[in-house]
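Undergrad: Single-letter residue listing:
Protein chains: 2
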Amino acid sequence: MATTVASHDPQVKYIGKPGEVSFARGLEGVIVAESTKSYVDGNAGRLIYHGIPIEVLAERSTFEETAFLLLYDKLPTEDELEIYQMRLRQYREIPDEVYQFISCAGRRYNFHAMAVLRTAISMLATFDDLAEEDTMVAYEREAIKLISRMATVVAAIGRARKGLPPVHPRPDLSHAANFLYMLFGEELDPLLARVMDVILILHADHECNASTFTVRAITSTLSDLYSAVVGGIAALKGPLHGGANEEVMRMLYEIGDVEHAEAWVRRALARKRKIPGFGHRVYKTYDPRAHILRRYALQLTQRAGKEKWLKIAEVIERVMIEHLGQRGIQPNVDFYSGIVMDSMGIESSLFTPIFAMGRIAGWVAHALEQRRDNRIYRPRFFYVGPEHLEYVPIEERG
Amino acid sequence: MATTVASHDPQVKYIGKPGEVSFARGLEGVIVAESTKSYVDGNAGRLIYHGIPIEVLAERSTFEETAFLLLYDKLPTEDELEIYQMRLRQYREIPDEVYQFISCAGRRYNFHAMAVLRTAISMLATFDDLAEEDTMVAYEREAIKLISRMATVVAAIGRARKGLPPVHPRPDLSHAANFLYMLFGEELDPLLARVMDVILILHADHECNASTFTVRAITSTLSDLYSAVVGGIAALKGPLHGGANEEVMRMLYEIGDVEHAEAWVRRALARKRKIPGFGHRVYKTYDPRAHILRRYALQLTQRAGKEKWLKIAEVIERVMIEHLGQRGIQPNVDFYSGIVMDSMGIESSLFTPIFAMGRIAGWVAHALEQRRDNRIYRPRFFYVGPEHLEYVPIEERG
Chain R
1 MATTVASHDP QVKYIGKPGE VSFARGLEGV IVAESTKSYV DGNAGRLIYH GIPIEVLAER
61 STFEETAFLL LYDKLPTEDE LEIYQMRLRQ YREIPDEVYQ FISCAGRRYN FHAMAVLRTA
121 ISMLATFDDL AEEDTMVAYE REAIKLISRM ATVVAAIGRA RKGLPPVHPR PDLSHAANFL
181 YMLFGEELDP LLARVMDVIL ILHADHECNA STFTVRAITS TLSDLYSAVV GGIAALKGPL
241 HGGANEEVMR MLYEIGDVEH AEAWVRRALA RKRKIPGFGH RVYKTYDPRA HILRRYALQL
301 TQRAGKEKWL KIAEVIERVM IEHLGQRGIQ PNVDFYSGIV MDSMGIESSL FTPIFAMGRI
361 AGWVAHALEQ RRDNRIYRPR FFYVGPEHLE YVPIEERG
Chain Z
1 MATTVASHDP QVKYIGKPGE VSFARGLEGV IVAESTKSYV DGNAGRLIYH GIPIEVLAER
61 STFEETAFLL LYDKLPTEDE LEIYQMRLRQ YREIPDEVYQ FISCAGRRYN FHAMAVLRTA
121 ISMLATFDDL AEEDTMVAYE REAIKLISRM ATVVAAIGRA RKGLPPVHPR PDLSHAANFL
181 YMLFGEELDP LLARVMDVIL ILHADHECNA STFTVRAITS TLSDLYSAVV GGIAALKGPL
241 HGGANEEVMR MLYEIGDVEH AEAWVRRALA RKRKIPGFGH RVYKTYDPRA HILRRYALQL
301 TQRAGKEKWL KIAEVIERVM IEHLGQRGIQ PNVDFYSGIV MDSMGIESSL FTPIFAMGRI
361 AGWVAHALEQ RRDNRIYRPR FFYVGPEHLE YVPIEERG
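Those sequence lines, one after another, are chains R and Z.
Using our numbering, read the first sequence as starting at 1 and increasing by one per residue.
Using our numbering, read the second sequence as starting at 1 and increasing by one per residue.
Calculated from the structure, these hints are not laboratory results.
A few of these clues could be false.
Copies of the same chain are indistinguishable here, so a pair counts whether it falls within one copy or spans any two.
Here are the computed lysine to aspartate or glutamate pairs in the EDC-like style, where the Cα-Cα straight-line distance is at most 16 Å [to be verified]:
1. Lys162 x Asp41
2. Lys272 x Asp79
3. Lys272 x Asp96
4. Lys274 x Glu387
5. Lys311 x Asp128
6. Lys306 x Glu82
7. Lys162 x Glu55
8. Lys308 x Glu254
9. Lys272 x Glu55
10. Lys74 x Glu387
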């Protein structure tokens, strides 16, 4: 919670004008803006996007429709959905130079998928004659463009990691099916396209997370949408934000066998080692997204003959809930998303980029919301350095 | 100032756990972290970097030394400065592929210098085998690398805008002299190198501005330093943050002649048009950086035979202070920096990139400070959307 710092405190100085200033380290307990996008009831384990529970969207909606809901605060009519989906499809292709950059990056030693994603999205702006157009109409068009192209870039990165040339998008497939087509070079079972669709829906928005906050902070300077999204990718890259799903798979590989799982977790708990995929600042109960993904994990690991990972995961979950469940430490979305994607044949370095492919819907929706009622984000620091330091000539410095 | 929102307010919902939450739109009046880097006394018109007044640094220090002061919270000894400058010089060169991207971008219709800067710096990470190394030693090395290479990238962008090939860095020159050498392809008068040095010093840090805040927010997820700096560039690009110096020159060109200046300003004031380069949220008196740049503007416009712009500026300043000076609206750093750079032969599209070349010192210093005592930035939004929205089948939507 925010605490108020007295203005006569002799230890510290105010930055900016004097008066009452709240000190909220890490901005905890501070509301920065209003939003109509998503809301978590952490005690009930309920997540809604503009009033619709995530379970309903996962069951009945598509990623395209969910992104529309976040952008426009309403479900589309048939006509609206058709026009909007046509726009999404027409923007799929990206310039050859961006494919080339991604392919070349794939041949280099240091190839962090998120660094390549950040660069490729930034580069797209330099090929987009309309990127700097500063109207709400232009801004909305760039939003749809970015949702669409993120999939093309992520698929090309996945191909480059395997030394394969990119596969160009197809306009006749859904967003998720086209992504899998571009990634694998062939049309996959519709079940897998549906699962990818659900993964994107589940990751589309989540209140004021660090990347969405960064997107809004950049937008608040009236910078362009590409800049905002590039900042979102930069923040999502951090291991405290995205990336936990990758760590879950690494843990499962490390455990290796279901017989070792229980002992491994108990040892990890005894050593106070952090178990990835558990606990969340907001949820005090089971993350509703984990529930949904758990069902798909069951179906897909069986289908892929990879039941082992799910069995290990179930042991981890049982031991963890036994020990920490009452303290609100429960599986979160990252715990099952990695297993689901792994059983689809997607390698773990793509997990965070795919997270970004879903979250882009929330990022651009929040950027538009910020633009419509903008106030530049201007917090302060607490200056705790010296008030006077003498500039001693260099030859006299000790 | 932050206001407290009552938890029983029926109009709105808390995001996150219930309890007392502060609503600070735009985070105004909220301190997010401690800092030892810089401090502004807005009433006295005093800016210090770690205790040393900006006037002293502009007079006696160099950009290299000032960046050291911000990074390490001390002035370097002779040995320290030598080693550190050697490191800065050794990192100057960038990969051919990044030069190529910049040159190609220069041939394209849509070429926003800040979009190219953002992409080029992001791309550098994909060539840097050590960009992902997560230790404080590695982090500090990347900081020095980024300070150094920002100049190479900005100079190459300047060349590309004129359709000229890049000029490779020289290791024997100071940071500022080498930048001008790379930009103009020849070694310039030492006076100009000194003025560039001062410009970089004056822009090196400035409390919790929007780009520095973005850098720290991204860093708080434990993302890498390139990601943080790319986010800083993205925020600086916004017209509410960087870019005002460009607008000042545009205004001077629009006025065109000193005889029209007074009438122009009075008309603009009457129409409540915003005059760029005036006013600042913190300074209630003359921005000390503007004082310093004003002197150089006098010297350099005479030298370049461009006295006209300064004369117009002086009229604007007189009329503005006459009308708004008592309300604390005074010239800020942007008002004279554009005139100084213009008289050095630098085109206005490079003004914000050069701002970034100075501010990178503060960005990396703040990123290191954030890393040393990290807490993820986690503010909240105020959810004002519907609590329940029915998922009506698409054929029934009106």
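Undergrad: What are the numbers of the hints the structure violates, in ascending order?
TA: Hints 1, 2, 3, 4, 5, 6, 7 and 9 are the ones this structure does not satisfy, whereas the remaining hints hold.
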